[in-house]
Amino acid sequence: MSSTARKIEGITKESTQEMIDKALEAYPEKGRKKRAPHLAPNDPGASSACVKSNRKTVPGVMSARGCAYAGAKGVVWGPIRDMVHVSHGPVGCGWYSWGTRRNMMTGITGVSNFAMQFTSDFQEKDIVYGGDKKLMQLLSETKELFPLAKGISVLSECPVGLIGDDINNVARQAVKELDLPVIPCNCEGFRGVSQSLGHHISNDTIRDHIIGTREFAEPETPYDIALIGEYNIGGDAWSVKPMLEEIGLNVKAVWTGDGQLEHIAATHKVKLNLIHCYRSMNYMCKVMEEKYGIPWLEINFFGPSKIRESLRKIAALFDDTIKENVEKVIAKYDPMMQAVIDEYRPRLDGKKVMLYVGGLRPRHTVSAYEELGMDVVGSGYEFAHGDDYERTSAEMPEATVIYDDVSEYELEEFVHKLRPDLVGSGIKEKYLLQKMGIPFRQMHSWDYSGPYEGYKGFEVFARDIDMAVNSPTWKFVKSPF
Amino acid sequence: MSSTARKIEGITKESTQEMIDKALEAYPEKGRKKRAPHLAPNDPGASSACVKSNRKTVPGVMSARGCAYAGAKGVVWGPIRDMVHVSHGPVGCGWYSWGTRRNMMTGITGVSNFAMQFTSDFQEKDIVYGGDKKLMQLLSETKELFPLAKGISVLSECPVGLIGDDINNVARQAVKELDLPVIPCNCEGFRGVSQSLGHHISNDTIRDHIIGTREFAEPETPYDIALIGEYNIGGDAWSVKPMLEEIGLNVKAVWTGDGQLEHIAATHKVKLNLIHCYRSMNYMCKVMEEKYGIPWLEINFFGPSKIRESLRKIAALFDDTIKENVEKVIAKYDPMMQAVIDEYRPRLDGKKVMLYVGGLRPRHTVSAYEELGMDVVGSGYEFAHGDDYERTSAEMPEATVIYDDVSEYELEEFVHKLRPDLVGSGIKEKYLLQKMGIPFRQMHSWDYSGPYEGYKGFEVFARDIDMAVNSPTWKFVKSPF
Amino acid sequence: MSADAAVKYVTEITPEDESRVAEWINTEEYKEKNFARQALVINPAHTCQPLGAELVAHSFEGTLPFVHGSQGCASYYRSTLNRHFREPAPAVSDAMTEDGAVFGGQNNLHEALENAYALYKPKMIGIFTSCMPEVIGDDLTAFIKNARQKGFIPQDFPVAYANTPSFNGSHIHGYDSMLLSMLQTLTEGKRMEGRCTGKLNLIPGCDFNTGNYREYKRILKEFGIPATVLADISDVFDSPLDGTYRLYPGGTKLEDAADSINGKVTMTLGKFATTRTFSWIKDNYAGEHLSLPTPFGIEKSDAFMMKLAELFGKPVPESLKAERGRAVDAMTDAHQYIHNKKFAVYGDPDYLLGYVSFLLEMGAQPYHILCSKGSKKLEKDIQALLDSSLYGKDAKIYMNKDLWHLRSLVMTDPVDAIIGDTHGKFISRDAKIPLFRFGFPIFDRVNLHRSPLIGYQGVINMVTTICNKFIDITDDTCDDRHFEMMR
Amino acid sequence: MSADAAVKYVTEITPEDESRVAEWINTEEYKEKNFARQALVINPAHTCQPLGAELVAHSFEGTLPFVHGSQGCASYYRSTLNRHFREPAPAVSDAMTEDGAVFGGQNNLHEALENAYALYKPKMIGIFTSCMPEVIGDDLTAFIKNARQKGFIPQDFPVAYANTPSFNGSHIHGYDSMLLSMLQTLTEGKRMEGRCTGKLNLIPGCDFNTGNYREYKRILKEFGIPATVLADISDVFDSPLDGTYRLYPGGTKLEDAADSINGKVTMTLGKFATTRTFSWIKDNYAGEHLSLPTPFGIEKSDAFMMKLAELFGKPVPESLKAERGRAVDAMTDAHQYIHNKKFAVYGDPDYLLGYVSFLLEMGAQPYHILCSKGSKKLEKDIQALLDSSLYGKDAKIYMNKDLWHLRSLVMTDPVDAIIGDTHGKFISRDAKIPLFRFGFPIFDRVNLHRSPLIGYQGVINMVTTICNKFIDITDDTCDDRHFEMMR
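Chains as they are written, first to last, in this note's numbering: chain A, 1 to 481; chain B, 482 to 962; chain C, 963 to 1449; chain D, 1450 to 1936.
Extracted from the complex, chain A is given alone in its bound form:
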């Protein structure tokens, strides 16, 4: 599982490029030109990203991408449990993103968490006359009906920006009138090229409205940290937090999985930020580093190797107590993890995987598959930037195909060629792949399972991958008649 010079039998730079070229043949010239730079064989030795990224989606190609609103509502804001998140605009955006991300939450829904759909449900007249007044009233109704909400985020949908509403002004007024944090977030879906800008805008909004507005009530310790870019999908944070506590750290805030507004607001007081999803939250780590001098560290908690590596990297930043704890924890869990590997690896050895997800998974989970004996033969991101791809090269075997914002057409072609034993991607890809007879796991959402992070998570991950790949149901795909 060394991260250099891994090769997959039958996959060469040439074979991969040939596959890419073939996939591009079907495009009209303009489309082909646009798409070509986004597809390449992996070159682990290269110093820069092998593919272009963070470009506008090519129209008409069937992309899996979402929008800025999705990045703001679904990813960054939605998981903060003690705030009401208002989808400001027409009814749809909030409805589609209601309960569909599996960022799990503590508390009582409608009382102390607000995993619901709040919307201003714009009508024609709101488009014509503007929605600011409605928003103001809505905010005060929210406060009255949900008295324990710690704050309200106002997440703009497309029309809001287009008709020139000023939600920032309304929010300012509301803060005064309601004595409650009301955070306006101009994350209209048309902004930027993917959900990525929504993350960025949301980060900026946290920076401008939240960070530094609270302090922790209990005394500071050298072990105070925050977990950044951890969204508690399928309970990941609930696997990772106890592990970090077991090595002696105090996780003062999680951004934003099962998150709490005031803890996030006091994060400037921690001693270290651990960042899991680099893509969606590196901005804030940088801000906190610049403004408050808080160092940050990228970690990966998928699979025992990466956990081990990450824990030791963390330990290196702390005193001997932590260092000893880390070794104790590793010594305690490694045998358990080996048992998991011993159970499942014989059934998964040599199987091929393709990934196409968002955030961090296309690189972070590679090692976990490899520990189960599987080869990842293709990977790519929906909304990555160059720095993501830079980080990906080393994780992927040589010459395997890397695809950015892959179109369904390309993905299908690659799968036809590579015939993976498993594809890990999202709901939009799932049934297409399954119709091809390819086992599949939703790797955005752990396919209604989880957690996949941490020690606890690896066990679940291994079980699920085995179940997907080895379900006897696949035997029946081909009819004998």
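None of these hints come from the bench; they were simulated from the model. Here the structure is a predicted model, which is why all the values come from computation and not from measurement. Among the clues, some could well be false.
What the hints assert, rightly or not - Think about it this way: if two alpha-carbon atoms lie no more than 30 angstroms apart in a straight line, the pair counts; the simulated DSSO-like pairs of lysine-lysine are:
no.: 1; chain 1: C; residue 1: LYS1215; chain 2: D; residue 2: LYS1763
no.: 2; chain 1: D; residue 1: LYS1457; chain 2: A; residue 2: LYS33
no.: 3; chain 1: C; residue 1: LYS993; chain 2: A; residue 2: LYS456
no.: 4; chain 1: A; residue 1: LYS351; chain 2: A; residue 2: LYS52
no.: 5; chain 1: B; residue 1: LYS624; chain 2: B; residue 2: LYS606
no.: 6; chain 1: B; residue 1: LYS959; chain 2: D; residue 2: LYS1763
no.: 7; chain 1: A; residue 1: LYS351; chain 2: C; residue 2: LYS993
no.: 8; chain 1: C; residue 1: LYS1152; chain 2: A; residue 2: LYS475
no.: 9; chain 1: D; residue 1: LYS1457; chain 2: A; residue 2: LYS125
no.: 10; chain 1: B; residue 1: LYS833; chain 2: B; residue 2: LYS657
no.: 11; chain 1: C; residue 1: LYS993; chain 2: C; residue 2: LYS1276
no.: 12; chain 1: C; residue 1: LYS1215; chain 2: C; residue 2: LYS993
no.: 13; chain 1: A; residue 1: LYS291; chain 2: D; residue 2: LYS1457
no.: 14; chain 1: B; residue 1: LYS898; chain 2: B; residue 2: LYS959
What the hints assert, rightly or not - Derived Cβ-Cβ restraints for the label pairs, each shown as a range:
no.: 15; chain 1: C; residue 1: GLU1250; chain 2: D; residue 2: GLY1692; range: 29 to 37 angstroms
no.: 16; chain 1: C; residue 1: LYS1269; chain 2: A; residue 2: LYS30; range: 53 to 61 angstroms
no.: 17; chain 1: B; residue 1: GLU770; chain 2: C; residue 2: ALA968; range: 47 to 55 angstroms
no.: 18; chain 1: C; residue 1: ARG1157; chain 2: D; residue 2: GLU1642; range: 49 to 57 angstroms
no.: 19; chain 1: D; residue 1: PRO1863; chain 2: B; residue 2: ASP524; range: 47 to 55 angstroms
no.: 20; chain 1: C; residue 1: ILE1435; chain 2: B; residue 2: GLU824; range: 36 to 44 angstroms
no.: 21; chain 1: D; residue 1: ILE1922; chain 2: B; residue 2: GLY854; range: 30 to 38 angstroms
no.: 22; chain 1: D; residue 1: GLY1692; chain 2: C; residue 2: ARG982; range: 52 to 60 angstroms
no.: 23; chain 1: A; residue 1: PRO28; chain 2: D; residue 2: GLU1642; range: 53 to 61 angstroms
no.: 24; chain 1: C; residue 1: GLU1184; chain 2: D; residue 2: ARG1878; range: 37 to 45 angstroms
no.: 25; chain 1: C; residue 1: GLU1184; chain 2: D; residue 2: GLU1472; range: 55 to 63 angstroms
As the list claims (entries may be wrong) - Beyond 12 angstroms from chain D on every Cβ pair, some chain B residues (computed):
no.: 26; residue: GLN498
no.: 27; residue: MET585
no.: 28; residue: MET817
The beta carbon of each residue, even a glycine, is placed where N, CA and C say it ideally should be.
Given the structure of chain A, go ahead and fit chains B, C and D onto it with the hints provided.
Okay, now just chains B, C and D, sitting in the frame of chain A:
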């Protein structure tokens, strides 16, 4: 609701006789001759039963009757909760009667109640070599596996008597070896003409093996009574017992609904036996009267009128305390019952009912229907004797049809002619009647509802009758095309 | 009572004793005692032959089931069918009583034939026996012959009859015997050299699911294969409610049954349900004869389809191919909700084989497999299935054990669910696991017998029922923070 | 942060506050506040127009749905359909971004048409809009004309397009608009004087249950009525898994849709689902035109059957008569398990009318009736239904209220069950009552969209699901002494 001279419009002695004659036309001569005396218009003034009864079922007519085993296992023994009842013989009889009578029970199944199927599961070799040895072993296995069972009844199925096994001898031996009451009951299905003989045989067995073998631990009082012929169908006993306690009586034993062996064994110490199902248990009342001088009283707890009447009859046998209590209870519940009547009578007024059941229901429930405004236009019993029909005449309106062991053919004919709005009978009749578009309630088993007895029961009864008669589903029976 | 006996007072079972024993019956120790039983049978999962025989007698056009024996027997069989199907089950008996033991049952039989023939105007009567005549040794052949001679029934009126002793086999054997007799009676003298109906005779075997029969017929219709389903209960026990009571709704047409002896192919489903019938058919019927497993699950359904295609020289129709694809789609879509879940399964042999097939195909574990009237042959067949899959490796088979044994198994070595019939509900409750009522009888739920379990649609139905129940359980039992919109 | 601000410390919601508010939100007082809301919408039971439009665009042969707007919109619609059907939902968008606000979306549209046409080789494209182009006022007519001129798509390549603003109506209105455009596009110039296809054009309306479409087709086949089901999703969203991914499985044949303008009869189902389409059809289609209620329950199914019989001069086939009888049989057999039970029901207008009909027919009470995008007309229709039955007398109708309102209703004035979609599961949990997932979307159970709710089979399915669940509850919640073999 006076019990004399009630007439139903359109029903005369002549019209009923004509209907009977018409139904008999289809019979071959011999069959017609046999069946004719079992069908007659009611004559409330007559001094004797208007129909013949307790005769052999006419072969081939599709009777609803059961057998002696059914009367013993299903009716008398089965409800005794703390005994294991062994269906001795082939597997079927016990299987069919397993959980199908709704005699409800307290306790934990398999621990302190035994509402299960215990059988010796006779095989060919048991028929050839006899089953006594197997029975002995079975009894000892029962004792070992069910240590809290207070006793075991051995209920013979047909082959046992036919092959000449001596279960009485085995039982005698077992009593000694196991130090447990083991009661042999020669209730082979071929004995007698219906379940009725099974009741009688069971009563005799209780007389011979149980009664008098225990005494109550607590001191006697003048208010100690037993409830006889109450099987707790749908929880009837749980409605009636508290009512009797409310008037100040101590119900020391129930025969046999939710019954306990040792309480039954001590019943010779009570001061009064109240008998509900006269048919199945009058024998024992007579035995206890003769042997122990215990008076007995027939009561009817269906519907407020009969409850009132019965409570006052009971009161007449006791002191002023009880008399006062009875009046208090009547005064307390009568308005509630009137409310029930006020709710349902408008929806049921003038509706016609036909009954065909067993035991006491064909006469005991008549008044309850009448209180809801309904007329019972036909009634009959599966396994009644002359004394049952004598008691029925006064309850039924003049000239309504009375049928004994009615064949399905006759019942269908009568229903065609009378077009009742409800038939109350058993599961075997239910779907036949419903196919004719006639609302139906199973009146053996309260159609999975209950209780129907006592004050609590009347409310349930009225609700159920309304539901059956007025369910909008009946509107759709006739297709518009 | 002897005068010198000390007075014994009424005692009550104490709550302590009750708790102690309630715990004890869930232990390994108890299980061992329980499995040591030799004479006592508790909660058997099968009943006696005549019930199966009655099912057959109902399932032919205009045929009146006739119990030679006590009327109580008839009442029991009828009630059972009433409760399961929630439908009428008209049948007569000749109401034998004590005198039958002395004189035999001929008089009863004759009188009953005369009355039943007059009252219920059947086109045929199917006589089967309960215990009494079997023990005393009544000679049905002679009795019926005499009945004709004495004019109780017309000379040419078809009467089938079968000996169905309750102290031997189970309902499926009674089914087999009665079916054999029905076919022997109806086909007598109908074999015509050179004639071939071109039809398939399909014998589904002792199956109480009307939906299955409809599904067989639908499949054959899709194929365009002309067929006679022998002992077809689909309309008999699933008749319309339209205000008219029909004594004999549906059933296999007598004419078709008679001509079935000249069939092109006769196929029985289920290796265990109709062995005697099949063996007789092999010797007497024209055309090809074969026996296939009851088509539960994809593999057995595939085998059924392919055999039909082969026998009739027709390709499996596109519509069924698409159905197959949709069934497989449903399986893959839902596999994660059932994968590796452990099941206790019990039932009649052919159903049991079906459950095991289906579960293995889904990646679930059939774990405790119990037949209360099984055989070595069945055990071998089940074991062979189990051996074919990783998911069968931990399974254990229990032949001729009852549901009280199964309770011990489930309480000491837990599973996630039970597949069986209504009688399993007490185990289900005690073990706090779901019971899937796929078998017979179902006394406590509605319409389940209308939902086919065979073929591809059956696969979808089982997937739907089982997987959604497991999701229900997740939703019902998870804590708030694991209660999710999606599953 | 202003320097003089006092430090504010992190506080936690206290368990006391949490309990207090948790109780409070179940009160009448809260309900009143909740119903006083004017601006805030919480948990609406409807979504925006384009989703319905996409459903239509999927439902024609070889047709590629095309979102003119942000790619994020397309992702949302597709995911929703993926989750509900557990099937692929291929659709493209032209990925408009900020510059679209300045320059309009023509460039995006053109490039997207060129790419989509080349990559996905559709036979037709169905364009519908999300918010952005609606707000900025893109002229689709001109854009598409230009696309043809510039050769991005062939001149004769059929492109339907509809304006489906999300700030107006709900998914059913988007469905209507897109369907109208599809039919206008496909039938343009196809009306032929004197021609009559002899066929029925059936328009089921915005229905996400594939089983319903199959059921309509089965019924029409039983009748022997040749038919074109317009916007037929049955194979589109219930395709076989056989190892081949098909981009366009099934859908209404374009040729049939084109010729539908010469139909004998065009029938829309559901008064509310396809009003614009119906009104256009009345003016443009040959033959008869009529609109019937969605056939939920016996009465509406009868009306459907009788109208078919009348229009095509064929009697209702015996097979359907028998089915009707079996459905009524199932209803009477099970009525006692649902009689007088109170229901909260919500959903799209035509489904809602269907639920109310069915419940009243069973003697159950539709009690809280809520439509989160309703109208006076709908309210009147529901009230008329309620007025026709004793079991409707206590019902209240709530138009344009949301599921947070419904929660207040259910918590303050309890019912026995809810009929709705997956989104109702939180109310169901809080109120500890079952949720029947008959509506859309269903994200948390498998295969339910494969089970028809319309027609007589639909009646049986609803009876089975509902009544067995109530029996489950009895079994699960009763004390030991009320736990019974039979129900």
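Right, here's what the structure says about each hint:
1. Distance restraint check for C/LYS1215 and D/LYS1763: the Cα-Cα separation of roughly 27 angstroms lies within the 30 angstroms cut-off, and the hinted pair is therefore satisfied.
2. Taking the CA atoms of D/LYS1457 and A/LYS33, the gap is about 55 angstroms. The hint is violated against a cut of 30 angstroms.
3. The suggested pairing of C/LYS993 with A/LYS456 is violated, with an alpha-carbon distance near 35 angstroms, which exceeds 30 angstroms.
4. Among the hinted pairs, A/LYS351 with A/LYS52 is consistent with the structure: their alpha-carbon atoms are about 29 angstroms apart, no more than 30 angstroms.
5. Between the alpha carbons of B/LYS624 and B/LYS606 the distance comes to roughly 25 angstroms, so the proposed pair stays at or under 30 angstroms and holds.
6. Our distance criterion of 30 angstroms between C-alpha atoms is met by B/LYS959 and D/LYS1763, whose separation comes to about 20 angstroms.
7. With a C-alpha separation of about 44 angstroms, the suggested pairing of A/LYS351 with C/LYS993 is violated against the 30 angstroms cut-off.
8. Between C/LYS1152 and A/LYS475 the CA atoms are separated by roughly 46 angstroms; this puts the pair beyond 30 angstroms, and the hint is violated.
9. Proximity of D/LYS1457 to A/LYS125 is assessed by CA-CA distance (about 41 angstroms); at most 30 angstroms being required, the pair is judged violated.
10. Between B/LYS833 and B/LYS657 the CA atoms are separated by roughly 57 angstroms; this puts the pair beyond 30 angstroms, and the hint is violated.
11. At roughly 53 angstroms between alpha-carbon atoms, C/LYS993 and C/LYS1276 are farther apart than 30 angstroms, so this suggested pair is violated.
12. Between the alpha carbons of C/LYS1215 and C/LYS993 the distance comes to roughly 50 angstroms, so the proposed pair goes past 30 angstroms and is violated.
13. At roughly 19 angstroms between alpha-carbon atoms, A/LYS291 and D/LYS1457 fall within 30 angstroms of each other, so this suggested pair holds.
14. About 18 angstroms separates the Cα atoms of B/LYS898 and B/LYS959, which keeps this hinted pair within 30 angstroms; it holds.
15. The hinted window of 29 to 37 angstroms between C/GLU1250 and D/GLY1692 holds, with their beta carbons roughly 33 angstroms apart.
16. The given range of 53 to 61 angstroms is respected by C/LYS1269 and A/LYS30, whose C-beta atoms sit roughly 56 angstroms from each other.
17. Under the hint 47 to 55 angstroms, the C-beta atoms of B/GLU770 and C/ALA968, about 27 angstroms apart, miss the expected range.
18. The hinted range of 49 to 57 angstroms is satisfied by C/ARG1157 and D/GLU1642, whose Cβ atoms lie roughly 56 angstroms apart.
19. As the Cβ distance of D/PRO1863 to B/ASP524 is approximately 53 angstroms, the hint placing it in 47 to 55 angstroms holds.
20. C/ILE1435 and B/GLU824 have their C-beta atoms about 39 angstroms apart, which keeps the hinted 36 to 44 angstroms range intact.
21. The beta-carbon spacing between D/ILE1922 and B/GLY854, approximately 33 angstroms, falls within the hinted interval of 30 to 38 angstroms.
22. The hinted window of 52 to 60 angstroms between D/GLY1692 and C/ARG982 holds, with their beta carbons roughly 59 angstroms apart.
23. Checked against the given bound of 53 to 61 angstroms, the beta carbons of A/PRO28 and D/GLU1642, roughly 42 angstroms apart, lie outside it.
24. Taking 37 to 45 angstroms as the suggested C-beta distance range, the pair C/GLU1184 and D/ARG1878 conforms, at roughly 42 angstroms.
25. With their beta carbons about 58 angstroms apart, C/GLU1184 and D/GLU1472 fall inside the hinted range of 55 to 63 angstroms.
26. Its beta-carbon lying about 33 angstroms from the closest one in chain D, B/GLN498 satisfies the requirement of being farther than 12 angstroms from that chain.
27. Not every CB of chain D lies more than 12 angstroms from the CB of B/MET585, the least distance being 6 angstroms, so the non-interface label is violated.
28. Taking the minimum C-beta to C-beta distance to chain D, about 19 angstroms, the non-interface status of B/MET817 holds against the 12 angstroms cut.
Comparing the model with each earlier hint shows violations of hints 2, 3, 7, 8, 9, 10, 11, 12, 17, 23, 27; every other hint is respected.
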